[in-house]
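2 protein chains.
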Amino acid sequence: MESPEEKLLRSFVFGRLLNQDTRTKTVNLLGKIDSQSAIVIAEKTAFTTDPEFLESFSQPSHLSALSLVERNDIYHWFLASQATGELPRHAEAKLTLIFPATETHIRKYSVQSLRMVTETPEIYREHVLPYVSSKRGGGRLNWVYNVLEKKRESESIIIEDTDEQEGFMLLPDLKWDRRTMSSLYTMALVLRRDITSVRDLKKKDVPWLRRLQKKILEGICDKYSGIEADQIRLYIHYQPSYYHFHIHAVAISHDGGGGQAAGKAMLLQNVISQLEGMAGEGEVGFADVELTYFVGEESELWQNVFSKLKK
Amino acid sequence: MESPEEKLLRSFVFGRLLNQDTRTKTVNLLGKIDSQSAIVIAEKTAFTTDPEFLESFSQPSHLSALSLVERNDIYHWFLASQATGELPRHAEAKLTLIFPATETHIRKYSVQSLRMVTETPEIYREHVLPYVSSKRGGGRLNWVYNVLEKKRESESIIIEDTDEQEGFMLLPDLKWDRRTMSSLYTMALVLRRDITSVRDLKKKDVPWLRRLQKKILEGICDKYSGIEADQIRLYIHYQPSYYHFHIHAVAISHDGGGGQAAGKAMLLQNVISQLEGMAGEGEVGFADVELTYFVGEESELWQNVFSKLKK
Chain A
315 MESPEEKLLR
325 SFVFGRLLNQ
335 DTRTKTVNLL
345 GKIDSQSAIV
355 IAEKTAFTTD
365 PEFLESFSQP
375 SHLSALSLVE
385 RNDIYHWFLA
395 SQATGELPRH
405 AEAKLTLIFP
415 ATETHIRKYS
425 VQSLRMVTET
435 PEIYREHVLP
445 YVSSKRGGGR
455 LNWVYNVLEK
465 KRESESIIIE
475 DTDEQEGFML
485 LPDLKWDRRT
495 MSSLYTMALV
505 LRRDITSVRD
515 LKKKDVPWLR
525 RLQKKILEGI
535 CDKYSGIEAD
545 QIRLYIHYQP
555 SYYHFHIHAV
565 AISHDGGGGQ
575 AAGKAMLLQN
585 VISQLEGMAG
595 EGEVGFADVE
605 LTYFVGEESE
615 LWQNVFSKLK
625 K
Chain B
315 MESPEEKLLR
325 SFVFGRLLNQ
335 DTRTKTVNLL
345 GKIDSQSAIV
355 IAEKTAFTTD
365 PEFLESFSQP
375 SHLSALSLVE
385 RNDIYHWFLA
395 SQATGELPRH
405 AEAKLTLIFP
415 ATETHIRKYS
425 VQSLRMVTET
435 PEIYREHVLP
445 YVSSKRGGGR
455 LNWVYNVLEK
465 KRESESIIIE
475 DTDEQEGFML
485 LPDLKWDRRT
495 MSSLYTMALV
505 LRRDITSVRD
515 LKKKDVPWLR
525 RLQKKILEGI
535 CDKYSGIEAD
545 QIRLYIHYQP
555 SYYHFHIHAV
565 AISHDGGGGQ
575 AAGKAMLLQN
585 VISQLEGMAG
595 EGEVGFADVE
605 LTYFVGEESE
615 LWQNVFSKLK
625 K
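Protein sequences, first through last, are from chains A and B. Quick note on numbering: the first sequence equals residues 315 to 625 in this note's numbering. Quick note on numbering: the second sequence equals residues 315 to 625 in this note's numbering.
Hints in this document: simulated from the structure, not taken from any laboratory. Owing to the predicted nature of the structure, the values given are computational and were not obtained by experimental measurement.
If chains are identical, the list can't say which one is meant, so a pair holds when it fits in one copy or spans any two.
Derived DSS-like pairs (lysine-lysine); straight-line CA-CA distance at most 27 Å:
{"hint": "1", "residue 1": "Lys625", "residue 2": "Lys528"}
{"hint": "2", "residue 1": "Lys537", "residue 2": "Lys622"}
{"hint": "3", "residue 1": "Lys449", "residue 2": "Lys464"}
{"hint": "4", "residue 1": "Lys529", "residue 2": "Lys622"}
{"hint": "5", "residue 1": "Lys528", "residue 2": "Lys489"}
{"hint": "6", "residue 1": "Lys622", "residue 2": "Lys528"}
{"hint": "7", "residue 1": "Lys624", "residue 2": "Lys537"}
{"hint": "8", "residue 1": "Lys528", "residue 2": "Lys516"}
Kindly produce the complete structure, drawing on both the sequences and the hints.
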């Protein structure tokens, strides 16, 4: 027996798409039931984690419609769907096989428990700075310098400003397909090599940072039609994933998840504004303030610094 | 013909779950192929937005396994799956029907284009403050005052500090089921009524804010076992959704999406640290700095203030 509600849903007539979210796998549809407006929100359900279901990934025979999309080294991408679907796209899942997988892969794809940490100027100088130096040494930044010296990726440069002190290079991030403006994701690498992170920014850098902000925004808008300066989010990570100063320039419509969260991302404009308002002369800066952010429990900073300070 | 890659995937033997993300509908599985480690990442695919597929929501006959989960007024929740699935959970989608839907619903579920805006102290005083005042007047904050006066929701209070100047009330957010610690979501409402937003915080408020931070964190940890102070994210929204000062206290593992993004959320600890570092005496504060954040194009602030200033 059909419930009255089910009957309502079955008489929905689709009109137009209101919104979609590819990250959460949702579409919002506007339509009519009789002559009145109705909205249907369809969201894929999350995988259940019942042992029985998870076991079904063992030697899966039900995935008869399995197709390889791409392969790169140990990474294999497939699209999988049930054998008998009339609505195959509805049923599809993307499967990535990493084989053989090392301990590093296992750690990377395991639950990353997070912790909030507060880094005082003292903790920065005594505990974090030595870690940062170790991450800059031993050729670990060679890949950045290769890019800056155009030994690599020079064909990808989107904007370039060759001024030795103030210059930068804007490059596409791997996450971006280099076409879709709504998911534009680029990275500005500064040419100067003396700034490791936001911690090295000082009040005297404000004029430079303002010019950098302006050039990045104007550069992107000159290069690409279909995006305006106020549709670009400029931010810095602290901690960053590598210690050569760089700025993320990303379409505002791109949902960057945890990488855009407060406690990881700082908007460039607010960094500038905080520097401007600081008590003190030009040499004062982010090395002098307390910074609170989150780190993964598996990170070196948690394991070697903050978990020990907590005790 | 099976490809070698497909053969590999079909010989995967499930070991254990490494991670799951219910927001993006992903599970990471660790297992073996022969005797070597292998990882399978399964992610539901996003809905296609092909007109043909979207049309299939019209008077859907293929959704034979449709079940009503709940109904509240105009909201109807269903689980839908294909008729013939051997793996029904794999194929399921959650459908929400809003019927009848008004213009407000349609706007709410439409694409919300965002814009970055920079609010100088002058723009705040001349354009934003009048808007804030209008949002505080006409009884619009009565629901907050009812809570503070315990006319409503008093049975939900998690922590209470009745000090007139420094007191606050901690309440669960509607998003929280009040049980699962990994998705803890609470809100601290301060008792004093003179702070509308972060813009009213001054350097002289630092000692109070530090005590507030300590009391909220200790209060939550006293009340609930299974969560530690450094697993709680404390943040303020700017712009907030209502103009009575409140602090979000949320489990660090809860993915709050855009509401936790830089440009909307400010960590309480970094707000305190910025105030501390400001040039000037006790009366200086966030009313004196430039703040950059994002707003929806449908918002009153964009439509009545920032889009006009842009011209």
